[in-house]
Amino acid sequence: MTPFLKYLLGRFIAIPITLLIITMVLYGIIMLAPPDERAALYLPPRLPSHLTATQIAFELEQIAAEHGMNDPYLVQYGNWLREWLGGYWGWSPTLRSEVLPVLLSRTAVTLELTFYSLLAFIPLGLLSGVVAGWRPSSRTDVLFRFSAFVGTSIPPFILGLFLLSIFYVGLRWFPPGRSSISGLTFSTSTFKAYTGFLTVDGVLNGRFDVTLNALRHLVLPVFTLSLFHWATLGRITRTLTVEEKDKDYVLLARSRGLKQRSIVWRHTFRNTVSPALTSTALSAASIVTGVYVIEVIFGLKGLSELIVGGMSGAPDAPLALAFAVYSVLLVIPIMVTLDIIKAIVDPRDRLATEETDY
Amino acid sequence: MLDWRKFFTRRQNWLALLLVGSFFIIALAAPWLAPPDDPANPTAFKGVGRTFDRLPQAPSDESPLGTVGQLADLARYGFTPGQDRFEQWDVLYTLVWGTRSALKFGLTVTIISAALGILVGTISGYAGGMVNQVLMLVTDAFLTFPVIAAVWLFQRVLYTRIYNPFTLPEEFVYWERFLMRVDIDPIMLALIVFSWMPYARLVNGMVIQQKRADYVIAARAMGARSWRIIWQHLLPNAISPAVVFGARDVGSTVILATAFIFIGFAGSVTWGFMLVAARDYVIGLGGNPFAYWWTFIPISLALVLFGVGWNLLGDGLNDLLNPRTR
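Sequences listed follow chains A and B, in order. Letter 48 of the first sequence, counting from 1, is numbered 518 in our numbering, and no numbers are missing. Letter 149 of the second sequence, counting from 1, is numbered 160 in our numbering, and no numbers are missing.
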């Protein structure tokens, strides 16, 4: 087996272990709520008024016994895990439906935003970091450091609000929200939802107006999300490049008469990408958190709508748990993809037996 | 040795100290800067009269930064009840007292999660082998978890009874009583439980590196106990990246908490609720986004400066404590 395959395999084996640990923790938190409280979820919303307190208590006990809510932690967790693996993620009393279909139906919006943001800030961050770090204190570097400082200083949700008030209210260039794909498939029978990504489906259906419109809706949220992460990634890449450019191998390459461009992109770049992307991979969870927040600010009806819709009311444990686990499932692919990119670009990564750089 | 002289020659470090210092001073001097109605029992918000069109009132002598219509549903989060939407809140008052809540929030979260992370990182790094692998696996698992889902889970599952005004005091179970006694909100709890991992990883790496250093081997050869080696030798050398990270974290946790409050979670950073109250005026009524600037500009500015101050302090400490990384 080649080292690369071995590396990939190791990376994929870690995923189920990660999920196991995180779901055990989350389920433990859910279990803190007393069984009565959890059983009360499954009572009908309007109880007949003639029921006495003892009758309700009896009813609750019945439900708790039926769903095994008094069992020890491991038994309940095992049951939950079995159902979860079988595709049954629980039933939400507040949504009055099963949880998984609801989550799936809202994924495309969130994914589209996440995807375009990653696509925007990762290449730009690496690029500007390298360019700025190669000649420290040059005019480009000063400009970069200033904009990166601004980018890390402004909280994304405040930036989003200000952008909305300028570009939507003031200039009327970019609207918030998003046209809904079900609306399109409903109103025009020819429009088919292949991926759920409006930008992609527009092209696939030959409806470029839909794509353009979707992009117009995406500009502000993608910019808001990317700016902060661009600045962070760019700063890290810059620091790494500054360190890297004075190393012996660069001197050697230069003395061999290699062109500047080739030294930067074929030699130092490979060495800076890997640690820089490590930092992005480690903040993948905070990127997803940011995506939810920005969705709410810009009124994109993705997964975050579940959060806003269900802020108070009955303690809907099945929904909250499923949402949490589902969010982890969004984070892991980002991490794994970045790890694989790292391993492709930098051979040291896939050969290393023990991770040493943090 | 720490190069304090170099630290104080940099202008940005002075700016950092100035910003962070002034937030501390504002927090300490809050009773004088914005006198509460009842000095013995200061509230988070101060009502200053009622207006029947509910519109924010422009800055005046009485309230130098204007007012904004109050949020009516804060009572369930443990704030003084808002009777109706006609009452107006003083912006300056919450700006000043919010500094206190922001510092309290940021420092509590950072100190507790840093302590947790340093503990995990040190134990796993010093023990090495199997223990290290398992603990780091747990750390990495926690790293995949978006904290917003935790806030929601906590608020939805752990706090429903706490925020329900109809729950009788004797109905609370032990952990609910604990959460109420330590006065911790769901955002704080989530941030503590899900932000210790970077510290653990940083300290773990440093401890593993330092463990093999000659002076540690010498100490062990002299018969020093494990805890003495950790406390006297490893921790002082391993802790500096965590200190830098922590300084930056104070700002970023407060910003994150404000964002969570803004989208509707229950928290304790009162700046966040002020922004919620101002939400309708940020987007602008009738096309002019800055018609009601006092409702959101001062608070946003305070938040930005809070983040910048702690960030710059982190950069300065980084130069001071880890001079090689420059």
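Incorrect hints may have been included.
[Claimed, not checked] Calculated lysine-lysine pairs in the DSS-like style (CA-CA distance at most 27 Å, straight line): (1) A:729 to A:715; (2) A:717 to B:115; (3) A:729 to A:717; (4) B:17 to A:715.
[What the hints assert, rightly or not] Covered by chain A, per the in silico footprint, the following chain B stretches (three or more residues, Cβ under 8 Å): (5) 41-52; (6) 62-72; (7) 272-278.
For the record, the hints were derived by calculation from the structure and aren't laboratory data. Model, not experiment: these values are computed from the prediction. No residue lacks a Cβ here, since even glycine has one placed at the ideal position from N, Cα and C.
Hints versus structure:
Restraint check: the Cα-Cα separation between residue 729 of chain A and residue 715 of chain A comes to about 14 Å, which is no more than 27 Å; the hinted pair holds. Restraint check for residue 717 of chain A and residue 115 of chain B: not satisfied, since their Cα atoms lie roughly 45 Å apart, outside the 27 Å limit. For the given pair, residue 729 of chain A sits about 16 Å from residue 717 of chain A by alpha-carbon distance, which is consistent with the 27 Å threshold. Distance hint between residue 17 of chain B and residue 715 of chain A is fulfilled; the C-alpha atoms sit about 25 Å from each other, no more than 27 Å.
Judged by the Cβ-Cβ criterion of 8 Å, the region 41-52 of chain B is not covered by chain A as claimed, because only 0 of its residues qualify and three are needed. Under a criterion of three residues with beta carbons nearer than 8 Å to beta carbons of chain A, the stated coverage of the region 62-72 of chain B fails, only 0 such residues being counted. Only residues whose beta carbon comes within less than 8 Å of a beta carbon in chain A count, and the region 272-278 of chain B has 4; three or more means the coverage holds.
Checked against the numbered hints listed earlier, the structure breaks hints 2, 5 and 6; every other hint is satisfied.
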